[in-house]
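Protein chains: 2
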Amino acid sequence: MKEIREIAKLAKEASYGLIDLSSSVKTSALLKIADLIEKEEAKILAENSKDLEYGKKVGLSPTLLDRLALNPKRVKNMADGLRSVASLPDPVGEITGMKRRPNGLFVGKMRVAIGVIGIIYEARPNVTVDCASLCLKSGNSVVLRGGKEALNSNKILADIMQSVLSEMGIDKAAISFISRVEKEIVKELVQLSEYIDCIILRGGKGLIEMIGTGAKVPIIAHGEGICHTYIDEDADIDMAVRIAYNAKVQRPGVCNAMETLLVHQKIAKKVLPQLGKDLKDAGCRLLGCEKTRQILPDIGEATEEDWKTEYLDLILSIKMVSDINEAIAHITKYGSGHSDAIITSSHPNAMKFIKKVDSAAVYVNASTRFTDGGEFGLGAEMGISTQKLHARGPMGLQELTSEKFVILGDGQIRE
Amino acid sequence: MKEIREIAKLAKEASYGLIDLSSSVKTSALLKIADLIEKEEAKILAENSKDLEYGKKVGLSPTLLDRLALNPKRVKNMADGLRSVASLPDPVGEITGMKRRPNGLFVGKMRVAIGVIGIIYEARPNVTVDCASLCLKSGNSVVLRGGKEALNSNKILADIMQSVLSEMGIDKAAISFISRVEKEIVKELVQLSEYIDCIILRGGKGLIEMIGTGAKVPIIAHGEGICHTYIDEDADIDMAVRIAYNAKVQRPGVCNAMETLLVHQKIAKKVLPQLGKDLKDAGCRLLGCEKTRQILPDIGEATEEDWKTEYLDLILSIKMVSDINEAIAHITKYGSGHSDAIITSSHPNAMKFIKKVDSAAVYVNASTRFTDGGEFGLGAEMGISTQKLHARGPMGLQELTSEKFVILGDGQIRE
Chain A
1 MKEIREIAKL AKEASYGLID LSSSVKTSAL LKIADLIEKE EAKILAENSK DLEYGKKVGL
61 SPTLLDRLAL NPKRVKNMAD GLRSVASLPD PVGEITGMKR RPNGLFVGKM RVAIGVIGII
121 YEARPNVTVD CASLCLKSGN SVVLRGGKEA LNSNKILADI MQSVLSEMGI DKAAISFISR
181 VEKEIVKELV QLSEYIDCII LRGGKGLIEM IGTGAKVPII AHGEGICHTY IDEDADIDMA
241 VRIAYNAKVQ RPGVCNAMET LLVHQKIAKK VLPQLGKDLK DAGCRLLGCE KTRQILPDIG
301 EATEEDWKTE YLDLILSIKM VSDINEAIAH ITKYGSGHSD AIITSSHPNA MKFIKKVDSA
361 AVYVNASTRF TDGGEFGLGA EMGISTQKLH ARGPMGLQEL TSEKFVILGD GQIRE
Chain B
1001 MKEIREIAKL AKEASYGLID LSSSVKTSAL LKIADLIEKE EAKILAENSK DLEYGKKVGL
1061 SPTLLDRLAL NPKRVKNMAD GLRSVASLPD PVGEITGMKR RPNGLFVGKM RVAIGVIGII
1121 YEARPNVTVD CASLCLKSGN SVVLRGGKEA LNSNKILADI MQSVLSEMGI DKAAISFISR
1181 VEKEIVKELV QLSEYIDCII LRGGKGLIEM IGTGAKVPII AHGEGICHTY IDEDADIDMA
1241 VRIAYNAKVQ RPGVCNAMET LLVHQKIAKK VLPQLGKDLK DAGCRLLGCE KTRQILPDIG
1301 EATEEDWKTE YLDLILSIKM VSDINEAIAH ITKYGSGHSD AIITSSHPNA MKFIKKVDSA
1361 AVYVNASTRF TDGGEFGLGA EMGISTQKLH ARGPMGLQEL TSEKFVILGD GQIRE
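So the protein lines, in turn, are chains A and B. Throughout the first sequence, residue numbering follows my numbering, covering 1 to 415 in sequence. Throughout the second sequence, residue numbering follows my numbering, covering 1001 to 1415 in sequence.
You may find that some hints are simply not true.
No farther apart than 16 Å at their CA atoms in a straight line, the calculated lysine to aspartate or glutamate pairs in the EDC-like style are these [unchecked claim]:
#, chain 1, residue 1, chain 2, residue 2
1, B, 1039, B, 1006
2, A, 172, A, 13
3, B, 1099, A, 375
4, B, 1352, A, 20
5, B, 1333, A, 13
To be clear, the hints were calculated from the coordinates, so they are not data collected in a lab.
Construct the entire structure; sequences and hints are all you get.
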């Protein structure tokens, strides 16, 4: 599609200009965008109401409509998010590890922008602003392609951001927006390796499967979150109940919510009755292994399939394990490498868990629900990587950069 | 292929055991391998001579035969390489950036092994030892798949390494070797994402094209090296001639050798006659743009195609440019993001060049021939990445690791 190729090409050209922008100019652009978003609140809400009307017409779920909806408070939050990203240190230009080699060469690494970042996301309009702000701050052009449900909201936000860039003499293609919503657009984008350096997929499993293995552009995928909480033998019972309840119930539809609870056999009788009652009171459906069902006889049976399932719903599978090793082996076999927690009072077991569990976020005595760029102190996030290469977990400014070698000599040649 | 899948599966299982190995055990294994390689020199040379015989029979070029050949000195170098990797700090387990969040959570990053690294390489037997040692030191299993020309040499080296692992009670599948040489093996390996976490391709353009876009395992490719040297307006003439000559002639068949020389128009008359003579004396064929040929009238004409060509041979294309901006624009358009150098006495121009040239290694006043793990102080290298994500340039221990978030709490839940 010529139109999409042209958008990507212009974004690439704009990215060369971003190399020259000083930190203060980027900061100033982000602050101006924040102000303009607050000033244009009425216009933004008007466009958002078009999306909400369309959403109701096509029968979006109340949850999805809620994600889509903006209000004055949410508009203010977007502006504050921009100010928060503006206040972070500029990652670009940092030179680290510069060492003198025996031949007198100085060899170090310089942090630089990646170039052009494509981002494919779903219904929340604030993602448009979060991603554009992180990319601008880190010196990357961004190509935004949001869900069709939020088209009008995303478009007005992109327009506002572009108008500030233009006013400041920055190539507005640095924040590019694709307003075509066909699925084929995504397939086209992942082929444009000439212009796009990396694509971040926030669309979940369906989107990843749709793209398959045919992409030419490197992809960082926000994969499944089959998150575990393991309650160890000598966990604090109250803490265990509180954390497990929070990990499952506080917001069950998101990737960092718990899907499987693992309980040490020696603590199961002390913790499961109370936790089971709390969860059921919250409307949660419980499925357990055979041993679990001896303690909670009225719950369903968890099958092999359950251990592999990301419910994204008020459903929890529970397994009793004989020790921490069995818990770690279960997570290794069935986990998705997203977020996993141990609740324990044992220091050796806490250390063992953080060493051996190979996930993007490994927790001791806290809810997995914290896996989030804001909660981790990154200001905002581009998404959460469940891959091992380049970026793991919430991706912030640093994950939007790469490091190149810089070598300073005074005439060295190789013998 | 069941056999290849089984090898990968065993390597994955071995990788879990590597998490438990202390640094001192890994170091001790590397030192023992070094000793055993020296002790078994005669056996290694005997196997190597089988490869050389076969190579002569099938008509390998003298250059390739030289790359393949081992001798007592090269065996000693392999052992010393192992000792050098053994002496490097263990990258695994380092926790950085641990900060306390307002809610009391400690959030930081822990460096961990990636898991299983596949490496596909060509004729040099020392690559077998370099890669296995870097993987073992960084806690990764390795699956080695070398070129068929070096099969016997690689196999004896893998056998020696495995025998030390077994003797020390380490799962020998941590250093796995594939002795089947069909091309289909590579296509099979890149599908095994269940067991292999990353594949490093050292085989150049042909190998990358063979695999195409069908890989399921993330790939780090050692792409082309279309390297430039730009001689700036006020370069030191002697230094410029010396560095450009070295970058082209010292070893023209490798990826970090210069392929295109860019010369500022104001210095061209001073530098090109001497440099042209030196290069021609070394047997180098020169091709130039129109302006270059006004100074060096007896050289061939460089066409558009030449700017895009990695000769890997004693051929050089030369272009005269009107200023540093044109030089940078040329590198941006035609370079492959490998290694590019400026020769200059101007500090602002040196800074501009390192900021704006988007390559894995950017040089000021030195030969591009230094792009190499050993020369950069990494001990050895797994290959040179021309990608931007995860690793750029020579890949050492750190590039064989990833960082996961570690979160230490005392009961925090998300509100």
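Checked hints:
1. Proposed proximity of residue 1039(B) and residue 1006(B) is contradicted: the alpha carbons are some 32 Å apart, above 16 Å.
2. A C-alpha spacing of about 11 Å is found between residue 172(A) and residue 13(A), which places the hinted pair at or below 16 Å, so the restraint holds.
3. A threshold of 16 Å between alpha carbons decides the hint, and for residue 1099(B) with residue 375(A) the separation of about 12 Å falls inside it, so the pair holds.
4. Distance check on the hinted pair: residue 1352(B) and residue 20(A) sit about 10 Å apart at the alpha-carbon level, within 16 Å; holds.
5. Distance restraint check for residue 1333(B) and residue 13(A): the Cα-Cα separation of roughly 11 Å lies within the 16 Å cut-off, and the hinted pair is therefore satisfied.
Violated hint for the displayed structure: number 1, the only one.
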